[in-house]
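Below are the chains, spelled out letter by letter.
2 protein chains.
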Amino acid sequence: MLQHAVDKLFHALADPTRRAMIERLGVGPKSVSELSKPFAVSLSAIGQHLRVLEASGLVVTRKEGRVRTVELAPAALRTAEDWFASHRKQWERRFDRLGVLLEADDVDDARNENRRRRTR
Amino acid sequence: MLQHAVDKLFHALADPTRRAMIERLGVGPKSVSELSKPFAVSLSAIGQHLRVLEASGLVVTRKEGRVRTVELAPAALRTAEDWFASHRKQWERRFDRLGVLLEADDVDDARNENRRRRTR
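Chains as they are written, first to last, in the working numbering: chain A, 25 to 144; chain B, 25 to 144.
Relax, there's no trap hidden among the hints.
So, partial list: chain A residues that the calculated Cβ filter (under 10 Å) puts toward chain B:
(1) Q27
(2) D31
(3) K32
(4) L37
(5) D39
(6) I46
(7) V51
(8) P98
(9) L101
(10) R117
Using 25 Å as the maximum straight-line C-alpha spacing, the simulated DMTMM-like pairs for lysine to aspartate or glutamate come out as follows:
(11) A/K113 x B/E116
(12) A/K32 x B/D31
(13) A/K32 x B/E47
(14) A/K61 x A/E47
To give an idea of the chain B side of the interface with chain A (calculated C-beta under 8 Å), a few residues:
(15) Q27
(16) D31
(17) F34
(18) H35
(19) L37
(20) A38
(21) D39
(22) E47
(23) P98
(24) A104
(25) E105
(26) F108
(27) H111
(28) Q114
(29) W115
No lab work stands behind these hints: they were computed from the structure.
For each residue, glycine too, the CB sits at the ideal point set by N, CA and C.
Bound conformation, chain A alone:
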């Protein structure tokens, strides 16, 4: 995925109202007016948030008659998760290596301890 697309994804997620909108859409598609109910912001602010969410690929909207329906597009969320998953592996490898080194130290300590006991 292009850097720019990942920028837009994380930018979309960096706002509490937009995250709450995504959480609300987790249970199913909603009309814009249903979606905006719990938020103490104007419909025009909701419209701006929706545009950011749509540009990020996190939601899709479709218009039927006068009603615009908003739906989650889980593929984009998976892309953002993948970014973490791929880097977590690197971090874990690093921390695993640290773990191995620390264990090797413990084994050395135990060996030295035994040696000391035997030569006592």
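Please build the complex by placing chain B on the supplied structure of chain A, with the hints as guidance.
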């Protein structure tokens, strides 16, 4: 975790230079000058990015003599991942339910098909 802290996390991740800095730190702590080497931006821009990363809790820095060392703080990354993990469960439940409904439809279709055959 506070909403504001999650905002800062995702805001920090919404920039390609900051994400690349985090990726570079995945292999181990680095001095600021080492860290900034591959980036075609000024040291002052790197300093600004570092301040955003520090404020988000994604990195910690320590100064020894004249050298500032930057290190990843994996806990914050885990917090951001947890946000996805907790919501993915909800989305998956929803898509699982959809899957069950679609399978039930398939079974109904097969039954109707058999019935049609028997009554032919």
